[in-house]
Structure formats: structure tokens, C-alpha cells
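Colleague: Under the numbering used here, the sequence shown is numbered contiguously, ending at residue 445.
Keep in mind the hints are simulated off the structure, nothing from the lab. Treat the hints with caution; some may be incorrect.
Stated by the list, open to error - Straight-line alpha carbon distances no greater than 25 Å define the calculated PhoX-like cross-link-like pairs of lysine-lysine that follow:
#1 Lys115 / Lys242
#2 Lys225 / Lys190
#3 Lys115 / Lys225
#4 Lys99 / Lys85
#5 Lys218 / Lys185
#6 Lys396 / Lys411
#7 Lys242 / Lys304
#8 Lys115 / Lys190
#9 Lys115 / Lys99
#10 Lys218 / Lys115
#11 Lys273 / Lys234
#12 Lys234 / Lys304
#13 Lys273 / Lys411
#14 Lys101 / Lys204
#15 Lys234 / Lys115
#16 Lys99 / Lys145
#17 Lys240 / Lys266
#18 Lys91 / Lys142
#19 Lys266 / Lys295
#20 Lys394 / Lys295
#21 Lys406 / Lys431
#22 Lys185 / Lys158
#23 Lys234 / Lys218
#24 Lys225 / Lys273
#25 Lys240 / Lys115
#26 Lys101 / Lys91
#27 Lys420 / Lys431
#28 Lys406 / Lys295
#29 Lys91 / Lys204
Claimed, not checked - Pairwise CB distance ranges (calculated):
#30 Arg409 / Tyr197: 47 to 57 Å
#31 Gln373 / Lys204: 53 to 63 Å
#32 Ile95 / Pro151: 29 to 39 Å
#33 Pro151 / Lys91: 29 to 39 Å
#34 Lys190 / Glu390: 51 to 61 Å
#35 Glu196 / Glu305: 23 to 33 Å
#36 Glu192 / Gln373: 48 to 58 Å
#37 Arg312 / Met262: 16 to 26 Å
Just so you know, even glycine gets a beta-carbon here, dropped at the ideal spot from N, CA and C.
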Amino acid sequence: MNKKLQILKEIAIRLNKEKITWAVGASLLLYLKGLVPCFHDIDIMVLEEDEDRAIEILQKMGKLQPKNPNINYQTKTFLEFVIEEVDVDVMIGFAIATTDGIKDCALKPEQIVEYYDLEEEKIPLHSLELWERYYKWMGREEKAELIRDWIKNEIIEKAKEYIKTLFSHEFSGHDYHHTMRVQKMAERLAKEEGADVFVVGLTALLHDVDDIKLSPDTHEEKENAVRFMRQVNLETDIINRVCMIIEEISFGGKSVMPTTIEGKCVQDADRLDALGAIGIARAFAFGGNHQRQMHHPEIAPNLNMSKEEYRKAKSTTINHFYEKLFRLKALMNTKSGKQIAEQREVFMKDFLEEFMREWDGER
Numbered sequence: 083m084n085k086k087l088q089i090l091k092e093i094a095i096r097l098n099k100e101k102i103t104w105a106v107g108a109s110l111l112l113y114l115k116g117l118v119p120c121f122h123d124i125d126i127m128v129l130e131e132d133e134d135r136a137i138e139i140l141q142k143m144g145k146l147q148p149k150n151p152n153i154n155y156q157t158k159t160f161l162e163f164v165i166e167e168v169d170v171d172v173m174i175g176f177a178i179a180t181t182d183g184i185k186d187c188a189l190k191p192e193q194i195v196e197y198y199d200l201e202e203e204k205i206p207l208h209s210l211e212l213w214e215r216y217y218k219w220m221g222r223e224e225k226a227e228l229i230r231d232w233i234k235n236e237i238i239e240k241a242k243e244y245i246k247t248l249f250s251h252e253f254s255g256h257d258y259h260h261t262m263r264v265q266k267m268a269e270r271l272a273k274e275e276g277a278d279v280f281v282v283g284l285t286a287l288l289h290d291v292d293d294i295k296l297s298p299d300t301h302e303e304k305e306n307a308v309r310f311m312r313q314v315n316l317e318t319d320i321i322n323r324v325c326m327i328i329e330e331i332s333f334g335g336k337s338v339m340p341t342t343i344e345g346k347c348v349q350d351a352d353r354l355d356a357l358g359a360i361g362i363a364r365a366f367a368f369g370g371n372h373q374r375q376m377h378h379p380e381i382a383p384n385l386n387m388s389k390e391e392y393r394k395a396k397s398t399t400i401n402h403f404y405e406k407l408f409r410l411k412a413l414m415n416t417k418s419g420k421q422i423a424e425q426r427e428v429f430m431k432d433f434l435e436e437f438m439r440e441w442d443g444e445r
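Using the sequences provided together with the hints, build the complete structure.
Modeller: Put into C-alpha cells, the structure is as follows:
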């Protein structure tokens, strides 16, 4: 353990023993959460009611430095200690001066969201979400952006776990792995098209959780998707954007072009997973799961179904190629999506040609 962390542990032992409410923040918080490779000072926030006791403990551990006021902050008490050559900053009643006034950032007990285990000593961690806001108020946008990216990544990982559980017994072709393929392709298209990669990735992960075929009771209000997004504290604007895209990207027997580039990327990715080798495998998996025949020469494809007729159709899997899959290439929105769809469609047509030859006994 390096010297700074050893000092942090010693501070924690003493503050915890006296039941003082405290938490680490700033660069130390970022370090303990794995966002940055190092930290400068030990930054500690203390509850105002515990001010005197905390100061008394720290004065016994090290030397209090002369005050060095900063007009950018209006903190009630800001103290700098040096403990065995390690700088320790203590913020009590933390406040930031902004053009919109003084922002109260004082520590509150409910803002301690988790603990870091430092050789069996508990280190209370302040809220990263709040520090994103604090850094923005300080004008340190690079730190705020770093936290935002981390939070987005955490939400994406939680969404993956959510769908893995939700689709654990799904075998019709709309399973966990389908969703993961759609997410990867959608994010690839988003980067090429300059779309919001986070919104695209999250929507791709949630696009089937309220699918009318899989969850008809939640489909209308997108209840599963909304519940998850609220649980991870996403803003209403993001929730509405994701739900709008999910509503727009369904095939449903007719073409609906999404109104945003994010929607176009997710729709293309979802449709691309219905093409090529994976598309063939999914078509037969879905057909078998719904007791559909592979092929029947006397049942012709229905190419003019309404949205309701499409949902209720009980055609053969081979007819599905003509009723939906071969129509997808023309419906692609992005340049890359069109190119990939063309390559995958060629493979599917070669497969059908071989299938029919074998069906007729020619091979």
C-alpha cells in the first residue's frame, strides 16, 4: 500500500472509531472508483455537526497549514493538514461560487452511497453523480465528462445484466445474444453516423424488453424499459427518447422510418440481425418455437399483409424470407447498414437456392 493510502486508512480508523460522519471526494473518490490512475491530496468531507471532533482528531495526526482562501469557493470551513508529508484537505459545509449564486455542496449522510474496503477498514464514498455536478460548477468540464462517461458505462453494464436475466428462458430468436449483437452493431453504426452512442447502445439493449410478441402486457407503455431506466436514475428526457425509438423501430408489417439518427442506427442493427447466417438461424429458431412448418410448396408468401395480419400470420419459415427478410435491405437507413444488408442478403439467397435443390431431391 502506498503512503497516501496508508494515511487514509489511519484517518479512517480514527474517524470511524468516533462515529464521525465523513466521506472522501474529489480526485481521491475518482481514484477509489477506478476512474483515474492516481490522486494528489486526500480530500475529505465532514458533516457540519462533527466539525470540532474531526478537527481535533486530525490536529493530533498532523500539522494544520495556514489558510489560503479561494474566491471560487464559499466553504464554511476549509482546512489543510500535512500528515507525514501527505496533504489532507478537509471540507466542512462545502460550497461553490458560480455565476448563478452559491451552490450548497455540504455533506449529508444520505449522500454516502457506498464504502471502499481498504484492508478491512471502511472508507465512505461520496456520490459520483453529485461530484459530476460539482466539477461542472467548478468549471472543470474534463472531470465532469469523465464521471458522465463512467456513469453511462455503469448503466450499460446494468442493462446487460437486466436483459440477461429477463431473457434467460427465451429461445425464439429474441434472446440475450440477439440483443447483444444488436447493441454491438448499433454502436458501430452510431460511431460512423455521428449519433449519440450512449442512447443508441441503451436503446438497443432495451429494444425487446417490451416486445409485443414477448411481453404483450407491458408493450403499450414500455413498462419494463421505463422501470429499468428509472431504477438507474436516468433523466426523463433520456427515458422519453429511448421509448420513442423503441416505438418507431418495430417492423410490424410496414416501414416506419425513425425520426432521429439514433433510431435509424438501432433499427438498422435490429434488422441486420435478421439477415445473413444469423438471420437464417433465427428464422428457423423462431419458426420451430412457434410450431411453423419449414416449407410447404402449396402455401405461397403473403406480400401484402397489414400490421395486424403480419403479427398473427402463421406462414412457413421459408415464406418468412419473402414476407419480411428480403424486404429489409430496401428499408435500411444508414450507408453502412445498406452495404452490410446487401452482403447478407446474397448469402441468404444462396442458401435458399441450395435449400430448394435439396427439397426437390436435386442434390
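Colleague: Check the hint pairing Lys234 with Lys115 against an upper bound of 25 Å on the C-alpha distance.
Modeller: Satisfied, since the Cα-Cα distance of roughly 14 Å is no more than 25 Å.
Colleague: With the threshold set at 25 Å, check whether the alpha-carbon distance from Lys240 to Lys115 stays at or below it.
Modeller: Roughly 16 Å between the alpha carbons, so the hint for Lys240 and Lys115 holds.
Colleague: Taking 51 to 61 Å as the hint, is the beta-carbon distance of Lys190 and Glu390 inside that range?
Modeller: holds (54 Å)
Colleague: Does Lys204 lie within 25 Å of Lys91 when you go C-alpha to C-alpha?
Modeller: This hinted pair holds, its Cα atoms lying about 9 Å apart.
Colleague: With the threshold set at 25 Å, check whether the alpha-carbon distance from Lys115 to Lys190 stays at or below it.
Modeller: holds (20 Å)
Colleague: With the threshold set at 25 Å, check whether the alpha-carbon distance from Lys218 to Lys185 stays at or below it.
Modeller: holds (11 Å)
Colleague: Is Lys115 close enough to Lys99, meaning Cα to Cα at most 25 Å?
Modeller: Holds: Lys115 and Lys99 sit about 24 Å apart, inside 25 Å.
Colleague: Straight-line Cα separation of Lys406 and Lys431 no greater than 25 Å?
Modeller: holds (14 Å)
Colleague: Are the Cα positions of Lys99 and Lys145 separated by 25 Å at most?
Modeller: holds (21 Å)
Colleague: Hint check: Lys396 vs Lys411, CA-CA at most 25 Å. Holds or violated?
Modeller: Roughly 23 Å separates the two Cα atoms, so the pair holds.
Colleague: Between Lys242 and Lys304, is the straight-line Cα distance small enough, at 25 Å or below?
Modeller: holds (18 Å)
Colleague: Taking only the CA atoms, is the gap from Lys218 to Lys115 under or equal to 25 Å?
Modeller: Satisfied, since the Cα-Cα distance of roughly 19 Å is no more than 25 Å.
Every hint from the earlier list agrees with this structure, and none is contradicted.
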